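Undergrad: What follows is the residue order along each chain.
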Amino acid sequence: MFLAKADLQILIDRLANQGFEVIGPTVSQAAIVYDRIQSVSELPQGWTDRQAPGEYRLERRNDDELFGYVVGPHSWKRYLFPPLTTLSTADLTSNGWQMRAADDNPPKYAFLGVRACELAAIRVQDRVFLEGAYVDPAYQRRRQNAFIVAVNCTQAASTCFCTSMETGPRCRSGFDLALTELPDGFEVEVGTPAGEELLSQLPTTSIAEKQLNDAEQRRQRAVDQISRHMDTDGLRDLLLTRLNHPRWDEVAQRCLACTNCTMVCPTCFCSSVEEVSDLEGQHSERERRWDSCFNLDFSYVSGGPVRRDIRSRYRQWLTHKLASWIDQFGSSGCVGCGRCITWCPVGIDLTEEVAALREGTP
Amino acid sequence: MSAKPKVGVFKFASCDGCQLSLLCAEDELLTVAGKIDIAYFLEATSHIDEGPYDIALVEGSITTPADIGHIRDIRKRSKYLITIGACATAGGIQALRNWADHDEFLRAVYARPEYIDSLATSTPIADHVPVDFELRGCPINRFQLVEVIVSLVNGRKPKTPSHSVCLDCKRRGNVCITVAQGVPCLGPVTQSGCGAICPTFDRGCYGCFGPAKQCNTGSLCQHLLAQGTLATELVPLLRNFNGYAPEFRQQSEQLVQLSTEVL
Amino acid sequence: MTSPQNTRTIKVEALTRVEGEGGLFVRLVGDRIEDVQLTIFEPPRLFEALLRGRKLEEVPDITARICGICPVAYQMSSVHALEMALGIEITEDIRRLRRLLYCGEWIESHALHVHLLHAPDFLGYDSGIDMAKDFPNEVNRGLRLKKHGNQLLEMLGGRAIHPINVAVGGFYRAPRRDEVAALIPDFEWGLQAAVDTTRWLATLDFPDFTRAYDMVCLVHPDEYPMNEGRVVSTTGSSWDVRDYEQEFHEDHVAHSTALQSSRGERQACYHVGPLARINLNRDRLSPTARRTADEIGFETPCWNPFRAIIARGLELIHAYEETLDILRTYRPPAIARIKYEYRAGQGCAATEAPRGLIYHRYEVDDAGLVTFAKIVPPTSQNQRQIEDDLRDYLPHILTEDEAATARHCEKLVRCYDPCISCSTHFLKLTVQRDG
Amino acid sequence: MNVTCSPIINPWVCHTVRIQEITPEVADVATYHLSFDDSAIAAAYRFQPGQFNMLYLPGVGEVPISLSADPSSSATWAHTVRAVGNVTHQLARLRVGDTLGLRGPFGSSWPLSMADGHDVVIVAGGLGLAPLRPAIYELLRQADRFRSLTLLYGSRSPDTILFEHELPEWSQRGMSVQLTVDRASPDWAGHVGVVTLLLDRLPLSDPQRTSLFMCGPEVMMRFVGKSALARGIPEQHIWMSMERNMQCAIGLCGHCQLGPTFICKDGPVYRHNQLAPFLNVEGL
Ligand SMILES: Cc1cc2nc3c(=O)[nH]c(=O)nc-3n(C[C@H](O)[C@H](O)[C@H](O)COP(=O)(O)OP(=O)(O)OC[C@H]3O[C@@H](n4cnc5c(N)ncnc54)[C@H](O)[C@@H]3O)c2cc1C
Ligand code: SF4
Ligand code: SF4
Ligand code: SF4
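As given, the protein sequences belong to chains A, B, C and D, one line each in that order. Residues in the first sequence are numbered from 1 upward in steps of one, following our numbering. Residues in the second sequence are numbered from 1 upward in steps of one, following our numbering. Residues in the third sequence are numbered from 1 upward in steps of one, following our numbering. Residues in the fourth sequence are numbered from 1 upward in steps of one, following our numbering.
Treat the hints as calculated values from the structure; they're not laboratory data. Since the structure is predicted, the reported quantities are computational estimates derived from the model, not experimental observations. Note that the Cβ used here is the ideal one computed from N, Cα and C, for glycine as well. Treat the hints loosely; a few may be bogus.
[Said to hold, decoys possible] Residues from chain D that keep clear of chain A, each with C-beta distances beyond 10 Å, as calculated:
#1 F146
#2 S185
#3 A189
#4 R209
[As the list claims (entries may be wrong)] If you anchor each label on the Cβ, the simulated ranges turn out as follows:
#5 D:P277 / B:Q227: 37 to 47 Å
#6 C:Q267 / B:K157: 48 to 58 Å
#7 C:I335 / A:G360: 50 to 60 Å
#8 D:P186 / A:G304: 30 to 40 Å
#9 B:Q227 / A:Q220: 33 to 43 Å
#10 B:P65 / C:E34: 23 to 33 Å
#11 A:G304 / D:A276: 17 to 27 Å
Between the sequences and the hints, there should be enough to build the whole structure, so can you do that?
TA: Below is the structure:
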């Protein structure tokens, strides 16, 4: 189906009318971030991004495409797995401590502009939070109501390597609706009955052959632009048997253990739970906060941290992401979005690290 | 600790901002004051108790010969000594004199420098007496201060997070300003505690909470130099409120050496 | 030489409820006052020296650290002075945001001093915390007002102590409209609360003590002075800020208090602070502040230093009302920070810190580095005045009970809300501890 | 995009438990006997030897602690805890009647049935005896299923021997109990040295049909594992219990990873060969 550019606002309005809080790309602090939007005018129209290891620049396009860029520093995990979540509360009563689940009434989210690698990342987090022995209620509440409007990439950044991870750039499943941007509108694909239902309320027309071809060409352009590659062949075994490879020492010289890579990664899910209590000792809350395996105290046990140096922490991150994840959740923890490469302040590139780890003997 | 621990608040060379943080905890002040016996706090009360103290909060750095005796005396009279703020934990901004000609500094400010009795260095409290806990920041975070006091009152060991400013910055949803705008930022090597306010206001962190544990300042500086930041910009960035903290000090001295070698 | 029997000394080893550490030393021979010294044991931190060679952008961050109670005063004075050196004209929007920030500091500082530091003197308590037992409403109101000041500083400056958002040329980031609007309800409550506080302050018992002061502050044709104006004295003279140093001098004297300020040929002492401001600017107070001043019968010019506490109350009202005005009409400015090129030059500025006039002068080179800095904080200007006041006040209060005398002296010192850390950069250390 | 999920049962929320009894054990170690306030929960609560609970002291924090008493008891549940940090010290300050929070049980257990017909050797170091005690009760109860039962227990010094008063009874009921201490006191007549030495000296009639369960400091387990392998005990019959920082106990926080596993769900009890490649890697 074809949706005219001018009618995208109707899609946003429809979602809002159905009680969704629409989250989409918008420009803030010199980057494209995901924030609440009400109007098409808040989208980064005519903007694009240039990305390289440790570098991101927002630049003007010479057209006014609405989705003419790739992924930025935010990911949808910010909404599904918020940086701060109150899990439970405890109150001291005459009957001792009484614990209960914290009130949690998240909005119904509609995500506009989810890319293929991000669909894959959401899928990865679903396996973590929903498909194990225990379900995380906070994630579940946000996830089960989320409406997803995907957007197919029509270009790639130098840091993208979704083709290596087989997650993109084409959106294949995991969306309610998927758009491919054309000069005057969108090719719309339906992924679910809910998507179908919403689409039926929009002023769409059937799509012309030429437009279909154009859309396909644009999607192919993204594929063609992908230059980065990670060889995943036998990667799990390779990494888990090269735990003493000299490359870990080398990367530890550069890594700041600053946590940026884990914060921007759409699949990283590590957290810590902290006590937030009143001064009188009558009321306390358990607050879950994003944490990172790069932190020294992350592995603290009485007696001291287990991962005492940056080398062991970088190794934990990379081996978890690319190897142990497969044992734990049945897929790689990396979807090839390239965020950790761009947003590493010193430009450490995991694909380069993997290549180096393949070299030499363990 | 006894029912109501005696707390003393002491000051050396400093701006008073850190002890003021306690008075700035408006919502908590009276509750906290009810749990402790404020035995010595010149800024807040005329009631003076010579101790001994269960908890001593020490602000400021050591800059005069008299300070040395005074801090030793406080240490003797205190069970648990906490240094508060960058002056006390790292020497503060006044530690810039440590790299300068002190007499020339005195002459620059005073018409009659001979009246001034001050040391050539500004040094952290821990260089002079054992310190039980350090609360970082220029100024400290008042919530951390309240948390530390309440922990001690309840017989717990105080804890403050040791991770980098970046973690808080990203939790807040900020965009990294180094990566997106090329602005040098010390966030990756600075200990959290402020809530990442500078990047939230579109400016680089200048490290006022001091070096994070195991921070890799060398790598950050090398990268910034490679990206075109000048050593002459990096040195003052490292040499400010926590400039004399070992990790920042070593790095700035290396940079100075590097740039003089180049010249 | 007088025999030791006739010599008495009255000492306040450590002044309390003031910012920074200092003491008081009085030597009497018989009933004659031999010497009065406000002694300072604050070690010098040498700011003017360490500023040299620093990038001018760092100056507001570094000078803020002179004082944790009034960092904004240092930031405002330094950016204005540097902007003069660079030839930057700031926009009206930036100017208003700066006033807003200053209001935050005035509210924070005045609310603290009035409720927690000075009121206990009038009511006979050791501290505001002790006073809270019998005056819970007043102390809690004070804490709430103080908190508003802090909230304003945090919203606009990033944090209350040593704000991080002040830049040469403006602000690193202008606040969003929603951030600004969120404060309005609290400030509406606070305006009324500030009026209540001032009414309450007016009911305190004031010593009957007046002096013929030379009071000095900024005067601006159409606003209550904060960030700019001419330097004006109650004696009728006035100066352009650029001529400040020709009239006002700093001397490094041999006894404990060095580098005091004095005025003119005669090296006379002068008085800066809220009383000076009210005396010279009453008709530019905000409407509610003016109305309250009339209602409580606050007469100006007021020459009783103890009544400065009421002047602070009135300024609190003013700051609230001005804040509300700015908050309500706020629109994010198109430019938050004005771009500039480096050039060699010098600039100076005087602004009104909560405690009074503060003066900065800098010289910068064409690489943007500071080559010279001079900073004159309010307390150094008041220091000689305080000693002079004490000399005059002592005969009224001298009794055998030295502790009581000392308490009276301290109460007078606190009228100036002295900020000793500020003055440190020029005060001497050694204390003459006995006669 | 709707995803179908199981109904929300919140695994983060603790039940209220009450301290019924506190048994001081050795210096800084006590056993806390807890009961649930809600009898329905008590009735439903079952655990296997080797599993642990999260104990929660509001305002202080939550920590993983093994269950240390008889799994067949259904009135109270015991935890033997050493005061080492904030939560455990605060726990040590509580009295009988005080309440706290509890979630659990979590984790894997000692697979006693896999030792059917075997010589069973239990090796414990220090507080490591606590998570093994429920297994010992179970083994003693079903003693006829096993060829022999041996406990090798190493303690720092004679006065830190845990459950000392119970040891004679265990011996009486047919378990060979051997003790060793790192540092002897003048009146100590027993072995001195690391617990591995006891294992090295233990006669094994049929190593192939021997099962070994161990818990103690990681270095101890590394050496015991080596020694057991050297003595011919097959890898798949050697079991160990591990510890790491734990924030959630339900596989969601990432803290307790060890190699490719999560200690909270794949452990704490592991078969030796699950961990063998990782045990000698520093900082995993
Ligand atoms: C599966 C398992 C079973 C355990 N069983 C027992 C037992 O039966 N008896 C016993 O005394 N101890 C046991 N421990 C260790 C116990 O959890 C720690 O001693 C306890 O967490 C220390 O908490 P703290 O707050 O007192 O110490 P602190 O040193 O203040 O620790 C702060 C925080 O770090 C984490 N932490 C510290 N040490 C450990 C540790 N060793 N393991 C996991 N997290 C840690 C916790 O989150 C703790 O709250 C067990 C640990 C695990 C993982
Ligand atoms: S590891 Fe890096 S490339 Fe992979 S999903 Fe995470 S951020 Fe993207
Ligand atoms: S890899 Fe880069 S982003 Fe990640 S912790 Fe290291 S320095 Fe930070
Ligand atoms: S971001 Fe850095 S400089 Fe700014 S307040 Fe925080 S620690 Fe201080």
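Undergrad: Of the hints given before, which are not true for this structure?
TA: none
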